[in-house]
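Here's the letter readout for the chains.
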Amino acid sequence: MNPNRGHYPEGEALHRSLNGRYRSASIWQALFFSALVVAILSLAALLYNVMDGAFGYVAFEYKNDPSEFTAKPLDDLNKQELLDILTANLSSGAFKKLENDKAMEKRSRPDLYTLVLERLIQIDTKQTWSMTDSILHSKDIKAEAAAKYPKAKLEFRSWLTPVFLTTPMSSKAEFAGVRTAILGSLWMVGIAILFALPIGTGAAVYLQEYANKNFINRVIQTNINNLAGVPSIVYGMLGLAIFVRALEPLTSGSLFGVTDANGRTILSAGLTMGTLVLPLIIINAQEAIKAVPDSLRQAAFGVGATRWQTVWHHVLPNALPGILTGSILAVSRAIGETAPLIVVGASTFISIDPDGPFSKFTALPIQIYQWTTRAQSEFHAIAAGAIIVLLVLLLTLNATAILLRNRFQKKY
Amino acid sequence: MQNIQSPEYAIETKNLFIFYGSFAAVSEVNMKIEKQKITAIIGPSGCGKSTLLRAFNRMNDFVPSSYVTGEILLHGQNLYGKDIDPVEVRRKIGMVFQKPNPFPKSIYENITWGARINGFKGNMDELVEQSLRGAALWDEVKDKLRKSAYELSGGQQQRLCIARTIAIQPDIILMDEPASALDPISTLRIEELMQELKKNYTIIIVTHNMQQAARVSDYTAMMMLEKDGSRSGTVIEFSETKRIFTNPKDKRTEDYVTGRFG
Numbered sequence: 001m002n003p004n005r006g007h008y009p010e011g012e013a014l015h016r017s018l019n020g021r022y023r024s025a026s027i028w029q030a031l032f033f034s035a036l037v038v039a040i041l042s043l044a045a046l047l048y049n050v051m052d053g054a055f056g057y058v059a060f061e062y063k064n065d066p067s068e069f070t071a072k073p074l075d076d077l078n079k080q081e082l083l084d085i086l087t088a089n090l091s092s093g094a095f096k097k098l099e100n101d102k103a104m105e106k107r108s109r110p111d112l113y114t115l116v117l118e119r120l121i122q123i124d125t126k127q128t129w130s131m132t133d134s135i136l137h138s139k140d141i142k143a144e145a146a147a148k149y150p151k152a153k154l155e156f157r158s159w160l161t162p163v164f165l166t167t168p169m170s171s172k173a174e175f176a177g178v179r180t181a182i183l184g185s186l187w188m189v190g191i192a193i194l195f196a197l198p199i200g201t202g203a204a205v206y207l208q209e210y211a212n213k214n215f216i217n218r219v220i221q222t223n224i225n226n227l228a229g230v231p232s233i234v235y236g237m238l239g240l241a242i243f244v245r246a247l248e249p250l251t252s253g254s255l256f257g258v259t260d261a262n263g264r265t266i267l268s269a270g271l272t273m274g275t276l277v278l279p280l281i282i283i284n285a286q287e288a289i290k291a292v293p294d295s296l297r298q299a300a301f302g303v304g305a306t307r308w309q310t311v312w313h314h315v316l317p318n319a320l321p322g323i324l325t326g327s328i329l330a331v332s333r334a335i336g337e338t339a340p341l342i343v344v345g346a347s348t349f350i351s352i353d354p355d356g357p358f359s360k361f362t363a364l365p366i367q368i369y370q371w372t373t374r375a376q377s378e379f380h381a382i383a384a385g386a387i388i389v390l391l392v393l394l395l396t397l398n399a400t401a402i403l404l405r406n407r408f409q410k411k412y
Numbered sequence: 001m002q003n004i005q006s007p008e009y010a011i012e013t014k015n016l017f018i019f020y021g022s023f024a025a026v027s028e029v030n031m032k033i034e035k036q037k038i039t040a041i042i043g044p045s046g047c048g049k050s051t052l053l054r055a056f057n058r059m060n061d062f063v064p065s066s067y068v069t070g071e072i073l074l075h076g077q078n079l080y081g082k083d084i085d086p087v088e089v090r091r092k093i094g095m096v097f098q099k100p101n102p103f104p105k106s107i108y109e110n111i112t113w114g115a116r117i118n119g120f121k122g123n124m125d126e127l128v129e130q131s132l133r134g135a136a137l138w139d140e141v142k143d144k145l146r147k148s149a150y151e152l153s154g155g156q157q158q159r160l161c162i163a164r165t166i167a168i169q170p171d172i173i174l175m176d177e178p179a180s181a182l183d184p185i186s187t188l189r190i191e192e193l194m195q196e197l198k199k200n201y202t203i204i205i206v207t208h209n210m211q212q213a214a215r216v217s218d219y220t221a222m223m224m225l226e227k228d229g230s231r232s233g234t235v236i237e238f239s240e241t242k243r244i245f246t247n248p249k250d251k252r253t254e255d256y257v258t259g260r261f262g
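As they're listed, the protein sequences go chains E and Z. Here the first sequence is numbered in this note's numbering, starting from 1 and rising by one per residue. Here the second sequence is numbered in this note's numbering, starting from 1 and rising by one per residue.
No lab work stands behind these hints, which were simulated from the structure alone. One or more of the hints may lead you astray.
[What the hints assert, rightly or not] Listed next, with one range per pair, are the computed distances between beta-carbon atoms:
1) E:F32 <-> Z:R231: 45 to 55 Å
2) Z:E240 <-> E:D294: 31 to 41 Å
3) Z:G21 <-> E:N262: 33 to 43 Å
4) E:D294 <-> Z:R231: 57 to 67 Å
5) E:A246 <-> Z:K82: 15 to 25 Å
6) Z:E192 <-> E:P198: 44 to 54 Å
Keep in mind that this is a model prediction, so the values were computed, not measured. Backbone N, C-alpha and C define an ideal beta-carbon position, used for all residues, glycine too.
Let's have the full structure, built from the sequences with the hints guiding it.
Printed below as a string of structure tokens:
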């Protein structure tokens with residue numbers, strides 16, 4: 001018999017040793033599970049915190065009573081009646097200015113309704129309550145509001161409404177929307193991806209398919225990996241120095257005959273975001289290209305293909321889903337970045353839609369940042385609404401990435 | 001490449017060494033491979049069979065730091081000469097790999113892609129039919145040419161790879177253990193196909209299966225590591241298959257083919 005056999009536990013000792021092994025296994029399992037619980041709890045806390053701010057009771061007063069303008073309740077008025085009220089009560093200068101922005105006749109009823117509220121009746125928000133308070137202590141809130149603001153109306157409001165999505169910025173929280181910010185964000189990531197996707201994919205193809213494994217290329221590779229980890233504010237400084245200042249004639253559009261802008265345009269912001277996500281896109285594209293099996297390249301070379309034909313017809317098409325997935329994830333990083341935009345000079349108050357690469361711009365995170373720094377609590381409420389918009393946008397992008405990946409995943 | 005027809009030999013190696021960096025993976029190979037015959041390269045694992053095979057169509061070029069000394073002559077011209085384009089070499093010397101590796105495209109496109117990139121100007125439909133018939137696959141796939149090649153079985157995929165290779169009309173077909181990933185029945189079909197193919201093509205096959213070499217090949221090259229401990233492989237015996245398996249000159253060949261190796 002092999003003498004080593006005697007050194008293994010048998011019988012009772014074996015059971016004891018087994019029990020010990022199971023015990024430590026279950027301790028580790030419990031530890032891992034609690035790590036998961038902590039992660040889920042922090043995510044839930046984040047979501048709760050945002051939702052808590054975006055819904056709840058509001059106490060507000062009308063500065064001018066609706067009855068001063070009309071006998072009927074405001075909600076029952078049709079478009080023409082609303083227009084009549086505006087014509088009768090707005091100063092002719094203010095009316096002309098509105099007419100210039102968009103012809104009054106062409107405006108929708110909700111639009112006119114908002115104008116009446118904003119310009120004539122004028123809402124004064126007295127106090128807002130969080131969602132939790134509103135649900136748990138609704139009686140107390142009603143009593144408190146009645147005592148403190150006898151003239152005020154109290155209503156449970158969702159600050160996130162379709163109107164919130166489609167109205168531009170306003171200095172009054174009740175009438176402010178995220179339309180300009182959403183459009184600004186979309187323009188920006190559009191420019192960023194147009195800039196970074198071709199360059200990033202090209203660089204990745206070169207590094208994976210052409211570059212020799214020599215010292216210089218290894219240094220380049222290491223630096224790309226490091227660049228992916230550089231803090232975004234540093235990219236903001238880079239964008240300020242290069243795109244906003246050095247390339248101002250280009251980014252302000254003065255080379256193309258645009259005269260009313262400086263370098264702080266959507267183009268500068270898009271290019272800055274492009275540089276920010278470039279290393280991410282390169283690394284993701286490299287991984288996607290690496291995942292194309294060598295047997296496929298050999299098959300192509302084996303029938304007399306050149307390197308370029310192999311890359312163009314086989315490597316790139318098969319790496320494309322991976323490259324796209326990586327790019328979408330890079331975009332979702334860009335859409336949430338705030339610091340570089342502050343440095344590059346996003347406007348905090350803009351009520352005109354961006355209409356081209358040389359427009360001044362704002363973006364969702366900038367808007368959120370700006371609103372949270374205001375003192376009035378109604379601005380915090382719309383900031384929470386804007387955060388939900390941003391989160392939904394991010395989740396949509398990530399879901400698209402996952403769908404793309406699942407749909408195009410190939411078996412070789 | 002000029003077409004100086006050398007009457008007897010399809011390809012010839014002269015004092016061929018294959019290096020990976022400073023390491024000679026294969027050393028001193030002198031072979032004359034006959035036209036329209038099947039030549040098998042056998043030998044134990046790691047003795048450089050595949051490396052030697054891949055040198056014939058310059059597939060080793062993709063391994064960084066690999067290089068070759070000596071000559072491989074096709075129609076009297078050195079494949080490693082200065083003015084030779086490796087892409088042209090691979091067009092003349094096709095290759096079938098160990099694992100079936102069809103393109104992730106339709107069966108039809110698997111045949112036509114190689115033809116198209118090489119500037120084929122004839123009738124594609126005819127080319128597809130002839131190539132698939134040549135690879136004994138036509139009857140099985142003629143009704144699903146537009147289906148993905150991945151829907152075929154492993155053996156069918158390997159025959160598709162052979163069809164893809166003969167579609168570009170090479171002079172020589174290299175096969176790197178073409179049946180090692182297949183079941184016995186698929187293997188048999190490939191072996192039968194090889195007998196058909198040798199009427200038109202010269203075939204060089206690497207196999208670790210001695211019975212297969214004995215069954216299909218006309219000539220056999222026995223490779224072995226050098227005795228000097230350099231871990232470098234070389235052809236220790238090259239002659240008619242019958243002779244290698246019945247009356248080998250080298251004691252090591254005899255030990256190997258009779259299963260007494262090691």
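Consistency of the hints with the structure:
no., hint, in the structure
1, E:F32 <-> Z:R231: 45 to 55 Å, "holds, 46 Å"
2, Z:E240 <-> E:D294: 31 to 41 Å, "holds, 36 Å"
3, Z:G21 <-> E:N262: 33 to 43 Å, "violated, 58 Å"
4, E:D294 <-> Z:R231: 57 to 67 Å, "violated, 24 Å"
5, E:A246 <-> Z:K82: 15 to 25 Å, "violated, 48 Å"
6, Z:E192 <-> E:P198: 44 to 54 Å, "holds, 50 Å"
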